[in-house]
Amino acid sequence: MAEILRSLRLYFLLQRASARGAMQYRLNTVIGVISGAIWQGTGFAFVWVVMHTFPSLAGWGLAEIAFLYGLRLTAHALAMIPLMSVNDVQWIVRNGEFDRFLLRPLNPLVQLMGNRMGIAQFGDLLAGVALLAVAGRNAQVQWDVWLVAFCAAAIVGGALIEAAFFLALCSLSLRMVDTFALRVFIDDVFSKFGSYPMKIFGGTVEWLLTFVLPVAFVAYVPSSVVLGKLDSPWAPAAPLLGVALISLAYLVWRRQLAHYQSVGH
Amino acid sequence: MIRVEGLTKVFRRPRTFSGPFGALRTLVTRQYEERTAVDDLSFEIGEGEVIGYLGPNGAGKSTTIKILTGILTPTSGTVEVNGLVPWSDRSANARNVGVVFGQRSQLWWDLPLIESLRLVGSLYDVPAARFETSLRKLRDLLGLDDFLDTPVRQLSLGQRMRGDLAAAVLYEPPLLYLDEPTVGLDVLAKEAVREFIVETNRAGRTTVILTTHDLADVEALCKRIILIDRGKVIFDGAIDALVDKPRRLVVTLESQPEDVRGVRRDADGRYVFDIHGDLPGMIASIAAEHPIRDLSIEEPDLESVIKGIYTR
Amino acid sequence: MTRIGFRLALAYRGDIIMTCVSLVAQVFLLRMIWTSVYGSRPAAAGLTLDALLAYLTLANLQSFATQTLVSRTIHHRIRTGTVFFDLARPVGYLRQMAAFQVGNTLGGLLLLAPVVPVVLLVGSITVPVNGPGYVITLVLGYVIAVQLALLISLIGFWLMETGAIHLLYRLVSQFFAGTMVPLAFFPGFLGALAEILPFQYTGYVPAAVYVGHISDVSGPVTVELAWIAGLWCLLALTWSRACRRVVIQGG
Ligand SMILES: Nc1ncnc2c1ncn2[C@@H]1O[C@H](COP(=O)(O)OP(=O)(O)O)[C@@H](O)[C@H]1O
Ligand SMILES: [Mg+2]
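Protein chains in written order, with the numbering used here: chain A, 1 to 265; chain B, 1001 to 1312; chain C, 2001 to 2251.
Treat the hints as calculated values from the structure; they're not laboratory data.
Counterexamples of contact, computed for chain C against chain A with all Cβ distances above 10 angstroms:
(1) Ala-2065
(2) Thr-2082
(3) Arg-2095
(4) Leu-2120
(5) His-2213
(6) Val-2221
(7) Leu-2225
(8) Arg-2244
Sample of chain A residues at the chain B side, in silico, Cβ under 7 angstroms:
(9) Leu-13
(10) Ala-17
(11) Asp-99
(12) Arg-100
(13) Leu-102
(14) Arg-104
(15) Leu-106
Pairwise CB distance ranges (calculated):
(16) B:Ser-1076 x A:Tyr-250: 26 to 34 angstroms
(17) B:Arg-1104 x C:Pro-2114: 39 to 47 angstroms
(18) C:Leu-2106 x B:Tyr-1032: 38 to 46 angstroms
(19) A:Leu-251 x B:Tyr-1032: 19 to 27 angstroms
Built from N, CA and C at the ideal position, the CB exists for glycine as well.
Model the full structure from these sequences, guided by the hints.
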């Protein structure tokens, strides 16, 4: 426990240091956040335009889709803000920088995460939370403490699911296996298919997106529960999937780290 | 302090395929390329020693240091550093050792040096008071004052190296690994690094393992050297033992006798003596018999000795 | 330059194949969404579901095929200073860059060719209602796209960090090209805005001609030509300014 608190404290210290280093690029940072928000904005503008003409998508109204969309976006942002610099792992390994993480008395993953913060993802977070707030008000939901708590748990759980896939793929790069394209693809699937009711994909694809790449559990299942569209006794446990997957992903990371070969210069 | 036995490291890297599904192919095919970097290495190093760890490029020096610091896990063999196994007790081991890789900085590129040092202090849980005394000592010893507030990426190589050295000993580790700390430095900067090593070793009885290609470093700092080549130890012992060869005295005389003290005149009319013991006495006794016109003495130097060993 | 662009497209085939996969996914997603919202309705905004799906498939194919790399390249060359080699060549800079983009597009098309059948299968497509009209409007639209990309990239001569601007431009242009929703569905002011902006000519207009939603091509072609002429003047003007700036800075 003490070690976790120490890691957390040092993580923020490292993060603050890297933020100070990045201050020189302040204008780009601001544009980054704004364009992040606009990117997601145009994504939602599509839904909005469609639903302007057609009031229902597989039985979901505009506010409900917006809620689903916002939930996914917020989870995505929460996953990527701390993990953004893990994305660079391949380059960090290749130019030998990773060695220094292993020389210091702090978990190398924490040091890697502390290397850089996902700035553009704050734009996603902004857009996601805004959507959630507006949609949560307009959808027909009887909010109570439990439902809000479930929502929070669902967002964290969804973030953990995305983070797990991301971390596991990045781990492979510790051994110079290039997974960048694969990561882009997975991210694409999560963001493209995760924001719509799974029902519209039908049959095989719905099954794949539920049980193979569990995109459905990031936002679709939790928001179905919140919006009263799903009445399975198991559904409220969806956030736990994220905990299980991230634990697995961390094991993968540890295993790959044990096989780390450094670079020969 | 350090005990290494039968240490072997074989680099085994999957053949990587490029292309869009290269990652998948790499995962699926599992073909390997192998290279033995360190081969059945054994040695022991005691507290307070300064060891010159030498060998030609690609001999396996950096690989050894990476294993001793816990960056790499060896293929086989046992290593104990201060009673710890570096790669399994990595965090604990890290607190015991300071490391400088001359080729690559451990500092934060965009931050002023002082902030890098503060971060290092935090990472190693150095209490504020101890940090300040440590820093004060290092500022004097390494002359950091001129560039403490300069971002690391703007430092000259010599300044950066001094910053790296400061970061490596800030938390007063009992062990210091220096992998080519003088590479690319000018004479003055090299001198500063050497002084720093001597002082650190003397003041804190810090054990130092130094790899370098500059044998002047070794002669100035180390009593003992370990020579490796292609991953194997080929010499381990005192420098004196390695260079314990006769000094060579070459004289020309006014007269040209056939032989002087059992040494025959060579084709150039010189007499060449290999002398183990008392050189001045020898010169005096020759001069007593024959007036000397000219003489020269060749010291056996480390460089030629080592070159001799490598090419053997 | 054409050849360099072409070869570059082949060199980055990893990226492009990933793009293809993502294109198939995108078309599939759109098909599912639109099928779902149409439900049992025969037509909306004058488009049947079949025509709409054909339209979307085409529009996406087009927008991927006419994607412009040139602004990213120019940005990179300005930052690393290699732009001065380009300026030193005897051929006009803009012409070089345009040639580069054309080569790049050709390379991209070559790699895109194998996935076209897959995309058409996933997206379902009909025979063209007006083939020649489609080709004419598409080619003119492509010229506009390249001109716009060049114009955007010239900003790099004034601002050093333009990564975010490029991203923004790509987003906005894709959205208003109507690759996800035909412009006919855009409500109120969005529709008006889309009508004014030139992006529709790279996506919506040719695809709509193809499926017969637009039957008379003379109107769009005239507007396209006008855009090309206007952008050409604007480019020349901006370029002369940029040139002067380069000279003043002197590298
Ligand atoms: N990470 C690595 N992967 C593969 N081979 C390596 C790696 N690191 C070192 N080697 C190889 O191991 C040998 C020893 O390298 P190294 O220990 O760096 O030598 P030195 O530091 O003595 O110059 C070299 O042949 C080198 O190519
Ligand atoms: Mg080395």
